[in-house]
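**Student:** Order-wise, the sequence lines are chains A and B.
Okay, so the first sequence: first residue is 1 according to this note's numbering, each after it adds one.
Okay, so the second sequence: first residue is 1 according to this note's numbering, each after it adds one.
Calculated directly from the structure, the hints in this document are not laboratory data.
Just so you know, these numbers come straight off a predicted model, no measurement behind them.
Treat the hints with care, as some may be off.
The list that follows gives simulated cross-link-like pairs (lysine-lysine, DSS-like), each with its CA atoms no further than 25 Å apart [unchecked claim]:
(1) A:K263 x A:K285
(2) A:K228 x A:K426
(3) A:K290 x B:K18
(4) A:K215 x A:K455
(5) A:K263 x B:K18
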Amino acid sequence: MEAFVWDERFVTGIEIVDTQHHHLVDVVNQVGDMLLGGDAVGESELQALFKDLADYAVKHFADEERLMEDAHLDPRHAELHTRHHKDFVQQVVTMWKSRATMKNPAEVVHGFLTAWLTFHILSEDQEMAHQIALVKAGKSASEAYELWHREVDSSTSVLLHALHNLYNVLSVNSQDLAESNVRLEEKVAQRTSQLTTANRELAAEREELKALLKKVENAQNQLLQSEKMAAIGQLAAGVAHEINNPIGFVNSNLGTLNNYVEKLLQVIDAYEQCEATAADVPREKLAAVKAAADLDFLREDIRALLAESQEGLGRVKKIVQDLKEFSHVDEAEWQEASINDGIESTLNVVWAELKYKAEVVREYGQLPPVRCIAAQVNQVFMNLLVNAAQAIDGRGTISVRTGTEGDRVWVEIADTGKGMPPEVKKRIFEPFYTTKPIGKGTGLGLSLSYDIIAKRHCGSFDVDSTPGKGTTIRVWLPIAGPKE
Amino acid sequence: MSRVLIVDDEPAILNSLKRLLRAVPCAYGNSVYPLEVETFDTPAAALERAAHAPFDLVLTDYRMPVMDGVEMLRELRRLQPDAARLILSGYADLNVLVSAINEVEIYRFIAKPWNDYELVAAIAQALRNRDLMLENRKLADQARVERGLMSAEALEAKRLEALEPGITKVNWGPDGSIVLDPEFQDLDKD
Numbered sequence: 001m002e003a004f005v006w007d008e009r010f011v012t013g014i015e016i017v018d019t020q021h022h023h024l025v026d027v028v029n030q031v032g033d034m035l036l037g038g039d040a041v042g043e044s045e046l047q048a049l050f051k052d053l054a055d056y057a058v059k060h061f062a063d064e065e066r067l068m069e070d071a072h073l074d075p076r077h078a079e080l081h082t083r084h085h086k087d088f089v090q091q092v093v094t095m096w097k098s099r100a101t102m103k104n105p106a107e108v109v110h111g112f113l114t115a116w117l118t119f120h121i122l123s124e125d126q127e128m129a130h131q132i133a134l135v136k137a138g139k140s141a142s143e144a145y146e147l148w149h150r151e152v153d154s155s156t157s158v159l160l161h162a163l164h165n166l167y168n169v170l171s172v173n174s175q176d177l178a179e180s181n182v183r184l185e186e187k188v189a190q191r192t193s194q195l196t197t198a199n200r201e202l203a204a205e206r207e208e209l210k211a212l213l214k215k216v217e218n219a220q221n222q223l224l225q226s227e228k229m230a231a232i233g234q235l236a237a238g239v240a241h242e243i244n245n246p247i248g249f250v251n252s253n254l255g256t257l258n259n260y261v262e263k264l265l266q267v268i269d270a271y272e273q274c275e276a277t278a279a280d281v282p283r284e285k286l287a288a289v290k291a292a293a294d295l296d297f298l299r300e301d302i303r304a305l306l307a308e309s310q311e312g313l314g315r316v317k318k319i320v321q322d323l324k325e326f327s328h329v330d331e332a333e334w335q336e337a338s339i340n341d342g343i344e345s346t347l348n349v350v351w352a353e354l355k356y357k358a359e360v361v362r363e364y365g366q367l368p369p370v371r372c373i374a375a376q377v378n379q380v381f382m383n384l385l386v387n388a389a390q391a392i393d394g395r396g397t398i399s400v401r402t403g404t405e406g407d408r409v410w411v412e413i414a415d416t417g418k419g420m421p422p423e424v425k426k427r428i429f430e431p432f433y434t435t436k437p438i439g440k441g442t443g444l445g446l447s448l449s450y451d452i453i454a455k456r457h458c459g460s461f462d463v464d465s466t467p468g469k470g471t472t473i474r475v476w477l478p479i480a481g482p483k484e
Numbered sequence: 001m002s003r004v005l006i007v008d009d010e011p012a013i014l015n016s017l018k019r020l021l022r023a024v025p026c027a028y029g030n031s032v033y034p035l036e037v038e039t040f041d042t043p044a045a046a047l048e049r050a051a052h053a054p055f056d057l058v059l060t061d062y063r064m065p066v067m068d069g070v071e072m073l074r075e076l077r078r079l080q081p082d083a084a085r086l087i088l089s090g091y092a093d094l095n096v097l098v099s100a101i102n103e104v105e106i107y108r109f110i111a112k113p114w115n116d117y118e119l120v121a122a123i124a125q126a127l128r129n130r131d132l133m134l135e136n137r138k139l140a141d142q143a144r145v146e147r148g149l150m151s152a153e154a155l156e157a158k159r160l161e162a163l164e165p166g167i168t169k170v171n172w173g174p175d176g177s178i179v180l181d182p183e184f185q186d187l188d189k190d
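Next comes chain A alone, as it looks inside the complex (with noise of 0.2 Å):
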């Protein structure tokens, strides 16, 4: 970029002109090396340089206008000067808006500035300065403007004059392109506050879909919760049965033991009754109590009657606790456990369900702890394992095998039962299909079993059946839990 050089022919013999374009001379050249400076020029100082310019520019042309107007020069000039004055200030406005959108600004604001005051001060300003000196010599205003025309010779006139036309036609050009950009920047505008409308609709939609997929997800919860339900009131039943037996020897046993123990206080009265009076009472008197009592009975049957119950009620315990732990209703959901155990506790569970209708064979191998929601794992042994049972015409066999391979452990519950032809295997995990009688099952079991494996636990089936032989089904758990 070249410098804006003061010229010689510049002078116009005014002196207020004159010293003002000296000033603009140095104010264009100080905003040419400010933009040359780039980033390291701060966007204010830049501003408040060239609002200066902006402002000292105006100062000048209306000075100019002044002394044109109190020389009363011929309107032809005065006119068209003014005219290009103002052209000028939209013009140079214009370019510093858009500096940011042009390659180097810095050439261009800087060229254009260097290239307008040249032009600008040879051609008009130095054709006003001449006027002035006319009139002031006396010649009257349209005199000044002709003799000063006829001057200048016919083919600077004509170059000026085509220069002026040229800068007009770039004048014109320049502000439909700065127009058409004010139109793009509002059509963008219109287009990002459209953008802006649609992505917030998105957004809402988007909130709207989770929001679904939450109650859908609650939904999924609410079903496993009431699969688990239904499936624990059939085992109710059973269940029940198991809790009942205890409790109806234990219950009649107690009251036995209240006839004995009144016998036994009979006996123990009778023998006071001897120390109280001492010495000769009859034997015989004694051995008829101790007779009618049963002594020698009660003596051995008491011990085993103390001993059934304690087992009995020991038994309605554990009942109880393998429920709370098939169910882990106090646990966290997602937990290292074991998959032995978990299988135990269901077993006994539902072992009323079993024990009629199979023998059961566990097979278990070392597991190391499992990262799985436990009350859940338990509900697909649950259901596997009364499937199992209920294939099973007359009485079988149900084998619980467990085992690792690389990073999965797996549990495979095998039947002796009538198995399944390939069409209904192939439909067995799919919702409400049911093979059994209406009321035996919610078709859902093994449905939801296969949510729990495949989508909770990232773990896998292996359903092998054969028509009149059995049904095996292993279970893959991955050990760590799925990948989160």
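Start from chain A and add chain B according to the hints.
**Tutor:** For chain B alone, coordinates are given in the frame of chain A:
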């Protein structure tokens, strides 16, 4: 002595019932029924015994491995039609009740856990009811004989049949031989 057969797959239940029936007198109104109790923890063993010894009353659990209480009572009724039948069960399913009443005509269904007094009273009532029925039948048959509607031989045959079901019928083989009942064949082996 009234002979009572009790079946349950749970030995502790059998023991507690034995204690109960030993200690509490089984009485209904003015009649007292001294009991002679036999217990078995499988229906098969109970049926085996019932094939050889008569019982006045059978009290059985419902849910047992291999054979349930209703199936056992059906078999027992074939062997001893006049024995009173009662079920003592912790499994009170409507289907079970219906089949117990309709198929094997039980006298009472008692739920576990039971009330000692009610259980003993039910047994006494069942025995009393059975006595009445047998007496009625006897009197009716006597009346029939007196009125010439029944021969003394038929009456005797009926009495024997009641004592040992099937005794008055002969199983003829195709070659004219007599086929013995399976249980007697078993006896031969013993």
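**Student:** Each of the hints needs a verdict: does it hold here or not?
**Tutor:** Hint check results:
{"no.": "1", "hint": "A:K263 x A:K285", "verdict": "holds (15 Å)"}
{"no.": "2", "hint": "A:K228 x A:K426", "verdict": "holds (23 Å)"}
{"no.": "3", "hint": "A:K290 x B:K18", "verdict": "holds (21 Å)"}
{"no.": "4", "hint": "A:K215 x A:K455", "verdict": "holds (17 Å)"}
{"no.": "5", "hint": "A:K263 x B:K18", "verdict": "holds (18 Å)"}
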